[in-house]
Amino acid sequence: MKKNDLHLQEELLRIYRIPPSREKTAFFRSRRWRSAYEKAFLSPEAAPGISFPEFLRIQAGYIRLRNWFFSLGLFLAVLLFSAENIRAAGIDSRQFLGALSACIPYLALTTIAEGSRSARFGMDELEMHTRFSIHSVICARLFLAGALNLIVLTALIPFLCTAWGTGPAVTSGILLAPYLLTCTLDLMILRRSRNRNSITLCAAAGTGVSAGCLVLSAAGPAVYGVLSHAALPAVFLLGAAAALELRKYLRQSEESIWNYTSTV
Amino acid sequence: MDLEQYYDDIYRYCYLRLNDRHAAEDMAQETFLRFLEASEYRDMGKPLAFLYTIARNLCIDYMRRYSNRPDRVSYAEDPEIFPAPSCEGALTDSLALAQALRQLDDADREIVCLRYINEVPVSDIGKIMNLSRFAVRRRLNRSLKLLSGYIKKEDF
Amino acid sequence: MELYIDRLTKQYKNKIAVDRVSLRLGSGVHGLLGANGAGKTTLMRMICGILRPDSGTVSFDGMDVSQEDYRAILGYLPQDFGYYPDFTGMDFLMYMASLKGLRKKDARYRSRELLSLVGLEGREKNRIKTYSGGMKQRLGIAQALLNRPKLLVLDEPTAGLDPKERVRFRDLIDRIGRENVVLLSTHIVSDVEQIADRILMIRDGRLIFDGSADEVRGNLEEFYLEQFDERRDDIEEKRNGEDEMHHV
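Residue numbers (this note's numbering), protein chains in the order written: chain C, 61 to 324; chain Z, 429 to 584; chain A, 91 to 338.
The shape of chain C in the complex, shown without the other chains (with noise of 0.2 Å):
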């Protein structure tokens, strides 16, 4: 305020004359005011509380960024090599094909490596008694990240055919098969290890599909001819395969199957 008018503010509190309260603390400590506080506030039907679609949202944040950021690179770098004039400049279909399928293993890496932070920290213990509880959080992860990244592999899909004149089915097979197969094959290895170190193994086995892709892109006309035919019934089979793995990995997080050793 100023100065005229905290001097006006002097006067009128000195003639005034007001006492000060004496019952502020006391009031503030009295049941009736902590109830009535408690029901207002905090009381499950005063205060609802969040619903699951809010909670994805504030799981969406505690996804980390790198993960949009790999997603949507490799989404820019494919439309980038794609485009007419770098095409143009010679690159093999198949080896661009071939070099974009081994990059793919690496994108199922971070869905997985979001989805199983629970265990991987030591979380999910705190996470299992809430309301929310750990189920909902690695499905919200999993949903959440993973779904960006198939979003981006079947957008590709179309595009790619159209750019580079493969077939459908080649190209989801390129695509997908190598997604699946590494995420079932993390998923398998993160059941049996719920450290920290579980997702160098991970990282392993997703280079290892990696490499595959690289030797079988270049492998010779016969056996592209096989994979061409095989390609969408393998996708079917490592969704189906993928899909398990993910049960199995859901229930194994619900009911924890701890190690009886010493924390009994």
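All clues stand as given, with none of them false.
Which chain C residues stay away from chain Z? Per the calculated CB distances, all over 10 Å, these: (1) 117; (2) 137; (3) 153; (4) 182; (5) 221; (6) 224; (7) 258; (8) 278; (9) 279; (10) 287; (11) 300; (12) 306.
Here are the computed lysine-lysine pairs in the DSS-like style, where the Cα-Cα straight-line distance is at most 27 Å: (13) C:62 <-> Z:573; (14) A:103 <-> C:308; (15) Z:573 <-> C:63.
Stretches of chain A that chain C covers, calculated by requiring three or more beta carbons in the stretch to come under 8 Å of a beta carbon on chain C: (16) 136 to 144; (17) 148 to 162; (18) 169 to 179; (19) 183 to 195.
Calculated directly from the structure, the hints in this document are not laboratory data.
Every residue gets a Cβ at the ideal spot worked out from N, C-alpha and C, and that includes glycine.
Could you slot chains Z and A onto chain C? The hints should help.
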């Protein structure tokens, strides 16, 4: 939400209206309890104006109910009176201000007290008294001019 | 207000971890005493709905442990817990609050309230990585209280706390226990002696004592050690028996 910080202001306001410490404390506490009951509070940013509104209504109701006491006869006719300070026992310099305040109407007096004793922002005063910000500003300026007429120029 | 446990059992490959434990706990502080490996943590995990029992039931005021309503009134501090790297104390509480379904505004207010309650105010912006063991433990206690639980389960809550923190903790638990059910486990007798209204002793998965601290003849610590001396006698007896056999 830390509501405790507003207690002193609300209590002071109630005292200004009721001139009775005990009643003022009761009304202040009732204000806070009623505040919790209102479901709109949850998404409110600052609850201040709302607290004052509740306090104001409670004080007016109180005056209506307890107006059969001899010293409050006048309030029965108009429970919305905002009391002027009593002039008895006031020191001479303050006497001038006290007399000046008597010249204001109730609304103006209330506005002056809210603004200068409790430092309530003008926009909130508008919400509390159901007046536009401009009306509040206008009345405030008019009141200050009137008050300055009664008080030594140097102090202003 | 009552936690009702009926013949709860959990068996691992070759050992029974919890053996037909039945309990009724009303409001107050209940201390679960037992050596490491006696079954305390397994029992608590089942009470928190984290571990599925082989048989038996757990319910609170009619709600079965598997229901979401049960979890809504539950607060749990595990014996050991981790944290996401780079989380600050405040991040941690806000994250747990979101899992407990609290809205952001409520969560923030409640987190600040709890941080000051456990004596971590001013440290909430520091990374948990930099916390001492006692600070981390206090953070864990704070998280357990976020949703104002009616049932508070604490597994070895005083581990890592220095004497001053222990006293503060006892006062806190005492206050909470007046209107809620608190179950805390420990293998430190002195912790439980002073604040528990009721003492439960568990050995080899079985409840061997259930009563108030006063009911214990003489010193609680002696009584406790007595239980384990019995066990030592058993082992010695067994060993003597084996020796005899060798002689023959």
